[in-house]
Amino acid sequence: MELDVLLFASWAEALGAQQVRLSLPSEPRVADVLAAAEARAGGRPLPRPLVAVNHRYAKPDTPVRAGDEVALIPPVAGG
Amino acid sequence: MELDVLLFASWAEALGAQQVRLSLPSEPRVADVLAAAEARAGGRPLPRPLVAVNHRYAKPDTPVRAGDEVALIPPVAGG
Amino acid sequence: MRSAVVDHPLDPTALLAEVASTSSGASTLFVGTVRRVNDGKDVTGIDYSAYGPMAEAELATIVAEAAARFGTERIAVEHRVGTLTLGEASIVIAVSHARRAAAMDAQRYLIEEIKKRVPVWKREHYADGSREWVDPTAVPA
Amino acid sequence: MRSAVVDHPLDPTALLAEVASTSSGASTLFVGTVRRVNDGKDVTGIDYSAYGPMAEAELATIVAEAAARFGTERIAVEHRVGTLTLGEASIVIAVSHARRAAAMDAQRYLIEEIKKRVPVWKREHYADGSREWVDPTAVPA
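As they're listed, the protein sequences go chains Z, G, E and R. Here the working numbering is used: the first residue of the first sequence is 716, the next is one more, and so on. Here the working numbering is used: the first residue of the second sequence is 716, the next is one more, and so on. Here the working numbering is used: the first residue of the third sequence is 539, the next is one more, and so on. Here the working numbering is used: the first residue of the fourth sequence is 539, the next is one more, and so on.
Hints are not guaranteed to be accurate.
Calculated lysine to aspartate or glutamate pairs in the EDC-like style (CA-CA distance at most 20 Å, straight line) [said to hold, decoys possible]: (1) R:Lys653 to R:Asp585; (2) G:Lys774 to R:Glu651; (3) E:Lys653 to E:Glu594; (4) Z:Lys774 to Z:Glu753; (5) E:Lys579 to E:Asp643; (6) E:Lys653 to E:Glu670; (7) Z:Lys774 to Z:Glu784; (8) R:Lys653 to E:Asp643; (9) Z:Lys774 to E:Glu651; (10) E:Lys653 to R:Asp643.
Away from chain Z, derived, C-beta distances all over 12 Å, residues of chain E [as the list claims (entries may be wrong)]: (11) Arg540; (12) Pro547; (13) Asp549; (14) Ala552; (15) Ala555; (16) Glu556; (17) Arg574; (18) Asp580; (19) Thr582; (20) Ala605; (21) Arg607; (22) Glu611; (23) Thr623; (24) Ala640.
The hints are simulated quantities; they were obtained by calculation from the structure and are not laboratory data. Computed from a predicted model, the values in this text were never measured in an experiment. Each residue gets a CB set at the ideal place from its N, CA and C atoms; glycine is no exception.
Just chain Z, same shape as in the assembly (with noise of 0.2 Å):
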């Protein structure tokens, strides 16, 4: 399936978006987003990211549907 993700921060400058379409295989997980991820962004020094899926962080193993937010998370700085 196709699937839009959400960039902020390093990964966005990086990719030049705020969002971008990855190819991932049927019945994805959050895994998978990251290595369609980590290929789109070919090698440039980025920090590795999680994942959140509808505003909560998601683990690895954890399922991505259609209609689902899906966004990186680079390491947080807030506070």
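Based on these hints, arrange chains G, E and R on the given structure of chain Z.
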């Protein structure tokens, strides 16, 4: 020697004065001040005070000299 | 309790007043500000950005955790986004509690969890004109 | 750093501004206030009294200890004396530091040492008209 000792809080209220004159043995120490003060309190249920000499907490064996500013410090409750 | 991500200057005094109560014996305020020097580099300003809806949700979750864990609903937190100059406040945390120890424990819990979990990022501007995304997980060079 | 015993209402915002600095990443404010209920009794106000010169000396000593121990001179403390009503502030402690953990550690050190050592006393007024000197060392009835 005779020594004026400053009183505060429950001690000042119980003895009805901001200071009392105590009779002490010659070459008195802080422990002598405490003993004379407790005698003066005469069995009133007052909390045991510390003693300050010249604005610093003093130990029981600290000598007290004429001219020292001596105060009874009931349990503090600031902040 | 209340938390928000906002794009205007923060008002610590207002948050302190918001949590105050005659049933409280202690109130604490934490204010995070833009510091002139970070990791030896001369900072001139910071862009804060957030994943808005998730940042608001995560802030609210952390505040609810602190309320349950430390026993007070009198908590107000605001995180600012946008471009901040030196000395400006990026976060304000106000807590009020009957007991001082719990007020201080809640304060520390809130800032530490916010730093770890809320999706907010900062890009520091340096005096030499360069800019850099701050990565707290990076190994120091 | 600065500390004082004063007989007028405290201004937390002013103390926060006093310690602020662009070399600080974090500022903390602690405000102790008169609470409506203490040990189950209905409090209507508190008389705070101090052994003035010693209280000022002891406060200054504690502030200097905190400055040395936690590495910041940006500390301001005011303790109020006189008759306070519900919700009024009896003490304000402001600390600013490059690092947030040290700012919070200093805050806690200051309030705990002040509570233990500074010769200040309080007499609570209760709704039934009675008054009582507070003795933190007393065994609860």
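These are the hints, each one checked on the structure:
{"no.": "1", "hint": "R:Lys653 to R:Asp585", "result": "holds, 16 Å"}
{"no.": "2", "hint": "G:Lys774 to R:Glu651", "result": "holds, 19 Å"}
{"no.": "3", "hint": "E:Lys653 to E:Glu594", "result": "holds, 14 Å"}
{"no.": "4", "hint": "Z:Lys774 to Z:Glu753", "result": "holds, 17 Å"}
{"no.": "5", "hint": "E:Lys579 to E:Asp643", "result": "violated, 32 Å"}
{"no.": "6", "hint": "E:Lys653 to E:Glu670", "result": "holds, 18 Å"}
{"no.": "7", "hint": "Z:Lys774 to Z:Glu784", "result": "holds, 15 Å"}
{"no.": "8", "hint": "R:Lys653 to E:Asp643", "result": "holds, 18 Å"}
{"no.": "9", "hint": "Z:Lys774 to E:Glu651", "result": "holds, 19 Å"}
{"no.": "10", "hint": "E:Lys653 to R:Asp643", "result": "holds, 18 Å"}
{"no.": "11", "hint": "Arg540", "result": "holds, 17 Å"}
{"no.": "12", "hint": "Pro547", "result": "holds, 17 Å"}
{"no.": "13", "hint": "Asp549", "result": "holds, 18 Å"}
{"no.": "14", "hint": "Ala552", "result": "holds, 19 Å"}
{"no.": "15", "hint": "Ala555", "result": "holds, 22 Å"}
{"no.": "16", "hint": "Glu556", "result": "holds, 20 Å"}
{"no.": "17", "hint": "Arg574", "result": "holds, 17 Å"}
{"no.": "18", "hint": "Asp580", "result": "holds, 18 Å"}
{"no.": "19", "hint": "Thr582", "result": "holds, 17 Å"}
{"no.": "20", "hint": "Ala605", "result": "holds, 19 Å"}
{"no.": "21", "hint": "Arg607", "result": "holds, 19 Å"}
{"no.": "22", "hint": "Glu611", "result": "holds, 22 Å"}
{"no.": "23", "hint": "Thr623", "result": "holds, 17 Å"}
{"no.": "24", "hint": "Ala640", "result": "holds, 21 Å"}
The structure does not agree with numbered hint 5 stated previously, though it agrees with all others.
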